[in-house]
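Peer 1: With the hints as constraints, model all of the structure from the sequences given.
Quick note on the UniProt record's numbering: the sequence shown kicks off at 1 and runs consecutively.
Just so you know, the hints here were simulated from the structure itself, not pulled from any lab data. These figures come from a predicted structure and were not determined experimentally. Treat the hints loosely; a few may be bogus.
As the list claims (entries may be wrong) - Cβ pair distances, simulated, as ranges:
hint, residue 1, residue 2, range
1, Ala-48, Asp-82, 35 to 45 Å
2, Arg-6, Glu-81, 36 to 46 Å
3, Gly-84, Arg-115, 18 to 28 Å
Stated by the list, open to error - Okay, derived cross-link-like pairs now, SDA-like style, lysine to any residue, Cα gap no bigger than 20 Å in a straight line:
hint, residue 1, residue 2
4, Lys-193, Phe-230
5, Lys-193, Pro-167
6, Lys-193, Asp-95
7, Lys-193, Thr-123
8, Lys-193, Gly-84
9, Lys-193, Leu-77
10, Lys-193, Asp-215
11, Lys-193, Leu-163
12, Lys-193, Gly-122
13, Lys-193, Ser-87
14, Lys-193, Pro-220
15, Lys-193, Phe-176
16, Lys-193, Leu-118
17, Lys-193, Phe-213
18, Lys-193, Trp-234
19, Lys-193, Trp-222
20, Lys-193, Glu-231
21, Lys-193, Leu-227
22, Lys-193, Trp-226
23, Lys-193, Asp-82
Here a beta-carbon is modelled for each residue, glycine too, at the ideal position from N, C-alpha and C.
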Amino acid sequence: MDSLRRRVDRVVDDIRHGRHIEAYVFFLLGAALVGLGLFDLVGTRGMAQFTVGALALLVFRTAAPPEPPPASPDEVLRRREDLGPLSLLLDGARDLRVYGPTAINVLAGAEDLRRQILRRGGTVRFVLLDPAPRTVAHAAAQLDDNLDLGAALQSALGALRRLEGEPGFACRRLPFNPGFSLLVVDGDSPDGKLVVEFHGFGDGTINERMHLFLDRRTSPHWYAYWLGRFEALWAAALPGSGPALPDTDTGPGSGPSVPGPALPPADDGDPQAVPR
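Peer 2: What follows is the structure, encoded as structure tokens:
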């Protein structure tokens, strides 16, 4: 009984997703013709025509290329280094949307964003953590501990302030960390793509985190979902980069501190493709 139920469920799922429709149609027609033939309601000519049609379908199905196997998790869930440098993702981009607690890896290329996107009439939107001590302390408890979050955030906000006068640029501050970072390239374009980085908890290094790469063509449903998550973050965030905070010393990761040194590039000399 369970086996029959599984088969019925598979057939229903195939029909719902448009798979093997012609095979099911021919099966139903064949069953109907056999039933009618038992009562001599279908002649030999009709049965022969149906048989020829079924054979033609069989030949067509044999010649058709096999359906690709479903993607394995490792094809869509990647490590940071698998995504390559940011410059590859931004090649020809007209719109960039970023959320990260500091977005330090993206803002390392702030001048590239100005030159490649903003000066060409494109748009750039950033959401970073609000530098309030309580917000930073909560985020620091979740994120990896090899980063002075307060100092990195102040450096990142300084980079945003240097971009704020550019047409097409906007930034906001989020008073909580949602547990993921998000980078969207040409979000409303048919060729749009995005990367989601899941923060996890207590990661030893940032490279340990899971990264999900999606594009509009291959995963329209989940692409639209994550694109909507950025807009939800944008709506919940505070406008602007906020005022520069005075020099404070609250310890690594526990709150705002003196703006640190210039934001470092990745090891290969090019900012990496996911905000931090």
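Peer 1: If a hint holds in the structure, say so; if it does not, say that too.
Peer 2: Structure-based check of all given hints:
{"no.": "1", "hint": "Ala-48 to Asp-82: 35 to 45 Å", "in the structure": "violated (57 Å)"}
{"no.": "2", "hint": "Arg-6 to Glu-81: 36 to 46 Å", "in the structure": "holds (41 Å)"}
{"no.": "3", "hint": "Gly-84 to Arg-115: 18 to 28 Å", "in the structure": "holds (20 Å)"}
{"no.": "4", "hint": "Lys-193 to Phe-230", "in the structure": "holds (13 Å)"}
{"no.": "5", "hint": "Lys-193 to Pro-167", "in the structure": "violated (23 Å)"}
{"no.": "6", "hint": "Lys-193 to Asp-95", "in the structure": "holds (11 Å)"}
{"no.": "7", "hint": "Lys-193 to Thr-123", "in the structure": "holds (15 Å)"}
{"no.": "8", "hint": "Lys-193 to Gly-84", "in the structure": "holds (14 Å)"}
{"no.": "9", "hint": "Lys-193 to Leu-77", "in the structure": "holds (14 Å)"}
{"no.": "10", "hint": "Lys-193 to Asp-215", "in the structure": "holds (4 Å)"}
{"no.": "11", "hint": "Lys-193 to Leu-163", "in the structure": "violated (24 Å)"}
{"no.": "12", "hint": "Lys-193 to Gly-122", "in the structure": "holds (16 Å)"}
{"no.": "13", "hint": "Lys-193 to Ser-87", "in the structure": "holds (14 Å)"}
{"no.": "14", "hint": "Lys-193 to Pro-220", "in the structure": "holds (10 Å)"}
{"no.": "15", "hint": "Lys-193 to Phe-176", "in the structure": "violated (25 Å)"}
{"no.": "16", "hint": "Lys-193 to Leu-118", "in the structure": "holds (19 Å)"}
{"no.": "17", "hint": "Lys-193 to Phe-213", "in the structure": "holds (8 Å)"}
{"no.": "18", "hint": "Lys-193 to Trp-234", "in the structure": "holds (18 Å)"}
{"no.": "19", "hint": "Lys-193 to Trp-222", "in the structure": "holds (11 Å)"}
{"no.": "20", "hint": "Lys-193 to Glu-231", "in the structure": "holds (15 Å)"}
{"no.": "21", "hint": "Lys-193 to Leu-227", "in the structure": "holds (9 Å)"}
{"no.": "22", "hint": "Lys-193 to Trp-226", "in the structure": "holds (10 Å)"}
{"no.": "23", "hint": "Lys-193 to Asp-82", "in the structure": "holds (15 Å)"}
When the structure is compared with the earlier hints, violations turn up for hints 1, 5, 11 and 15 and for no others.
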